[in-house]
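With chain A held as given, fit chain B onto it using these hints.
Chains as they are written, first to last, in the numbering used here: chain A, 11 to 166; chain B, 2 to 89.
Treat the hints with care, since some could be wrong.
What the hints assert, rightly or not - Calculated lysine-lysine pairs in the BS3-like style (CA-CA distance at most 25 Å, straight line): (1) B:K72 with B:K49; (2) B:K21 with A:K131; (3) B:K49 with A:K96; (4) B:K49 with B:K19; (5) B:K37 with B:K85; (6) B:K28 with A:K96; (7) B:K37 with A:K131; (8) B:K61 with B:K37; (9) B:K49 with B:K28; (10) B:K69 with B:K46; (11) B:K69 with B:K49; (12) B:K19 with A:K131; (13) B:K72 with B:K28; (14) A:K96 with B:K46; (15) A:K131 with A:K96; (16) B:K23 with A:K145; (17) B:K19 with B:K85; (18) A:K145 with B:K19; (19) A:K96 with B:K37; (20) B:K85 with B:K46; (21) B:K61 with B:K21; (22) B:K23 with B:K49; (23) B:K72 with B:K19; (24) B:K85 with B:K28; (25) B:K49 with B:K85; (26) B:K85 with B:K61; (27) B:K37 with B:K49.
It is worth saying that the hints were derived from the structure and are not from the lab.
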Amino acid sequence: MKKILKILMLAVIAFLVIIQFFPPEKNDNIVNPMDDIIFHLDMSSTVKRNIVNACYDCHSNRTRYPFYNRIAPVSWIMARHIRQGKENLNFSEWGNYDRRTQISLLTAICDEIVSGEMPLKGYVMMHSKAVLNEKQVDEICEWADEAAEQVMSPAE
Amino acid sequence: MLENSCYDCHINSARNVKAKSKLNFSKWNDLSDARKIARLDEICKTLKESEMPPSRYISKNPDRALDKAQKELLCEWTEGEINKIMGE
Numbered sequence: 011m012k013k014i015l016k017i018l019m020l021a022v023i024a025f026l027v028i029i030q031f032f033p034p035e036k037n038d039n040i041v042n043p044m045d046d047i048i049f050h051l052d053m054s055s056t057v058k059r060n061i062v063n064a065c066y067d068c069h070s071n072r073t074r075y076p077f078y079n080r081i082a083p084v085s086w087i088m089a090r091h092i093r094q095g096k097e098n099l100n101f102s103e104w105g106n107y108d109r110r111t112q113i114s115l116l117t118a119i120c121d122e123i124v125s126g127e128m129p130l131k132g133y134v135m136m137h138s139k140a141v142l143n144e145k146q147v148d149e150i151c152e153w154a155d156e157a158a159e160q161v162m163s164p165a166e
Numbered sequence: 002m003l004e005n006s007c008y009d010c011h012i013n014s015a016r017n018v019k020a021k022s023k024l025n026f027s028k029w030n031d032l033s034d035a036r037k038i039a040r041l042d043e044i045c046k047t048l049k050e051s052e053m054p055p056s057r058y059i060s061k062n063p064d065r066a067l068d069k070a071q072k073e074l075l076c077e078w079t080e081g082e083i084n085k086i087m088g089e
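Isolated chain A (complex conformation):
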């Protein structure tokens, strides 16, 4: 029995060592600031700071990686979150969305943070700056509603 346990432990350790040699691709792309939402929509510096802190790691083309991202399988889990996050909303590519998508995304930003679905709980646990209090949520929602109106009627 002890021998089986020993073999199992060694296998787990070997597995953990081997997977370190297969790091996922980093989300560290060249960003065109003219495509970013910050370039396209008016927002206060407070809203901008809160959105960058709470959302940009998974919803932009550049992630500020923590030290533990160098360790697999954490790096793999983070890479998956970032890939999915960018598929749903990528602030760095805002200028490439059509108006309709922009409107839908702006309302989704508010809905997701009001319901507490975003930022992800696991992410917030490790990133205290990403915590959004009630006031910050209200400010972002107010901005998102106004921005959606702005996108609806660009001429005004």
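Then chain B, alone, in the frame of chain A:
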């Protein structure tokens, strides 16, 4: 189709609080134009991806299922409504 397949969970009298918080047809007129567009977009998307109506609901209520043609018809309707709101 909407009444048959969506209203059980997405109107005021429904019990499913989470479903109502996402989409409540009874409060449609209270929504801003932007939110109407987002909801219409989401209706078509969730239908196409077969997220809605949920499979558990359909297995208990097979008569509420929507076939491909019905989903396409609903998406045509959402598309038309979005265009109307956006004035296109």
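Hint by hint, here is what the structure shows:
no.	hint	verdict
1	B:K72 with B:K49	holds (7 Å)
2	B:K21 with A:K131	holds (23 Å)
3	B:K49 with A:K96	holds (21 Å)
4	B:K49 with B:K19	holds (21 Å)
5	B:K37 with B:K85	holds (11 Å)
6	B:K28 with A:K96	violated (31 Å)
7	B:K37 with A:K131	violated (28 Å)
8	B:K61 with B:K37	violated (30 Å)
9	B:K49 with B:K28	holds (24 Å)
10	B:K69 with B:K46	holds (13 Å)
11	B:K69 with B:K49	holds (8 Å)
12	B:K19 with A:K131	holds (19 Å)
13	B:K72 with B:K28	holds (23 Å)
14	A:K96 with B:K46	holds (18 Å)
15	A:K131 with A:K96	holds (18 Å)
16	B:K23 with A:K145	holds (22 Å)
17	B:K19 with B:K85	violated (29 Å)
18	A:K145 with B:K19	holds (23 Å)
19	A:K96 with B:K37	holds (24 Å)
20	B:K85 with B:K46	holds (19 Å)
21	B:K61 with B:K21	holds (20 Å)
22	B:K23 with B:K49	holds (17 Å)
23	B:K72 with B:K19	holds (23 Å)
24	B:K85 with B:K28	holds (19 Å)
25	B:K49 with B:K85	holds (22 Å)
26	B:K85 with B:K61	violated (36 Å)
27	B:K37 with B:K49	holds (18 Å)
Of the hints listed earlier, those the structure fails to meet are numbers 6, 7, 8, 17, 26, in rising order.
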